[in-house]
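Student: Assemble the complex: chain A is given as a structure, and chain B must be docked to it using the hints.
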Amino acid sequence: MSSLSIQHLLGLQNVPKEDITLILDSTDSFLEILDRPIKKVPTLQGKTVVNLFFENSTRTRISFELAERRLSADVVNFAAASSSVKKGETLLDTARNIEAMKVDIVVMRHSAAGAGHFLSERCTSKFINAGDGAHEHPTQALLDMCTIRQKHGTLEGLNVSIIGDIAHSRVARSNIYGLLSMGANVAVCGPPSMIPYDLEQLGVRVFSDVDAALDFSDVINVLRIQLERDAGADFPSLREYHNAFGVTRRRLDKLGREITVLHPGPINRGVEIESEVADGPYSVILPQVTNGVAIRMAVLYLIGTRAE
Amino acid sequence: MKILQNIIDEHGFDRMLSRLAHEILERNQGTEDLAIIGVRTRGEFVARRLAERIRDIEGSMPDLGVLDITLYRDDVRQHLRQPEVKSTEITFDIADKHVILVDDVLFTGRTVRAALNALMDIGRTRSIQLVVLVDRGHRELPIRADFIGKNVTTSRGQEIHVRLREVDDHDAIDLVSIED
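Chains as they are written, first to last, in my numbering: chain A, 1419 to 1726; chain B, 4 to 183.
Honestly, the hints are just simulated from the structure, not real lab data. This structure is a prediction, so every number in the text was calculated from the model and none was measured. Treat the hints loosely; a few may be bogus.
Straight-line C-alpha distance at most 25 Å; calculated DSS-like pairs for lysine-lysine [unchecked claim]:
no., chain 1, residue 1, chain 2, residue 2
1, A, K1457, B, K5
2, A, K1569, B, K89
3, A, K1458, B, K89
4, A, K1435, A, K1569
5, B, K153, A, K1465
6, A, K1569, A, K1520
7, A, K1435, B, K153
8, A, K1672, A, K1569
Same shape as in the complex, but just chain A (with noise of 0.2 Å):
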């Protein structure tokens, strides 16, 4: 098989395990790609992508747009701070209008659920998620499966657990879908306020000792704590979670073995994650950035020539 079932990328629940197995395939000729001289392919030459972002982003947003112009696209930036967004232009006539511009490809960020999937059914282009609210980002999840396999070999009976702000994480709900269906162990581990309650059912191991989750794992996935969306108010201060939760240099050592250590960024050091872990021998979170550029790739790839 060599064509995406799916027609957008809204999330990876549902997504069948051949389709996420041929995007990670894909990725390895477009990191090669990426350590040319001439990093450039004109496989998209003549597609215009849109990168319509209402929430703010750096990294994902640069990576997206890298990705655009190494497969020759021709990229437009859509910011919602400086636009009619803010004059009260409702989501579908913004993206309405900007379809009518002759885009193929529409690559979507929005604080709310489910904003790309309203949109698919409505437009003709397609749609890429580059998040939506606390609900998917599939490729984050996508290039952390990608970071893994590169280490690991495979994801098929890993034990991999995502360590953090579980309920208000998107990272964290679309690595949850992809690890399932490529068939690895996934566990979750945080403080009671931070898990949604039904992850359980999904066949999601819980842990609330941050070291039993550690001793389980071969990869861990380090969340950031969101202070911007008041996950402060789900645990009593930053150092009380750094002291329960941290994933610091004495826990690992206490393992006696090595410990795969993500983190999609950005890091919140001392926090989360200390920096003599996060950048440390076991780290790959430099890789994940790189391996981000290959996957939207991929994606923009599969998607954008995908034959109707």
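Tutor: Quick look at chain B alone, frame taken from chain A:
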């Protein structure tokens, strides 16, 4: 699909590769600064065999690489097809090399155009020479091969099928009809 004619059998295939290897060496006067790059999928195996044949004749192995041209194809951009992307494996610097580009069949010339664009993005070669096992005509672009195993006159309703023991259990080149 019907086989109309066996153009090259196993022995003929072997002789053809030997002749091509000698021609490449003669034109380039040895293996110095020579690199052989096969176009995926079948060109990869032909390139490997040519490189080994050259090593057997000359005593030194030229650099060997594999080129995937999927991302350079113009039919992908027109939504005509979506081939699986595979990786390019060129682990040496192609700058200032004489690159021998290898493919199995030369037809419209579009694959070669894509391969030339891809190579130029990877580095500035001193020269690029094209080897094909079969030139079947019907060019749509002004491209010609430097080394040709065999010229075969074909109609549009026919195809050349190159069988290689790496993927098909035996070596052969057949002219087949794709029309009923």
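Student: If a hint holds in the structure, say so; if it doesn't, say that too.
Tutor: Verification of the supplied hints:
1. Restraint check for K1457 of chain A and K5 of chain B: not satisfied, since their Cα atoms lie roughly 44 Å apart, outside the 25 Å limit.
2. About 20 Å separates the Cα atoms of K1569 of chain A and K89 of chain B, which keeps this hinted pair within 25 Å; it holds.
3. Restraint check for K1458 of chain A and K89 of chain B: satisfied, since their Cα atoms lie roughly 16 Å apart, inside the 25 Å limit.
4. Distance hint between K1435 of chain A and K1569 of chain A is fulfilled; the C-alpha atoms sit about 20 Å from each other, no more than 25 Å.
5. Annotation: proposed proximity of K153 of chain B to K1465 of chain A is violated, straight-line Cα distance about 40 Å (limit 25 Å).
6. With a C-alpha separation of about 41 Å, the suggested pairing of K1569 of chain A with K1520 of chain A is violated against the 25 Å cut-off.
7. For the hint pairing K1435 of chain A with K153 of chain B, the CA-to-CA distance comes to about 45 Å; that exceeds 25 Å, so the pair is violated.
8. Restraint check for K1672 of chain A and K1569 of chain A: satisfied, since their Cα atoms lie roughly 22 Å apart, inside the 25 Å limit.
Hints 1, 5, 6, 7 from the list above are not met by this structure, while the remaining hints are.
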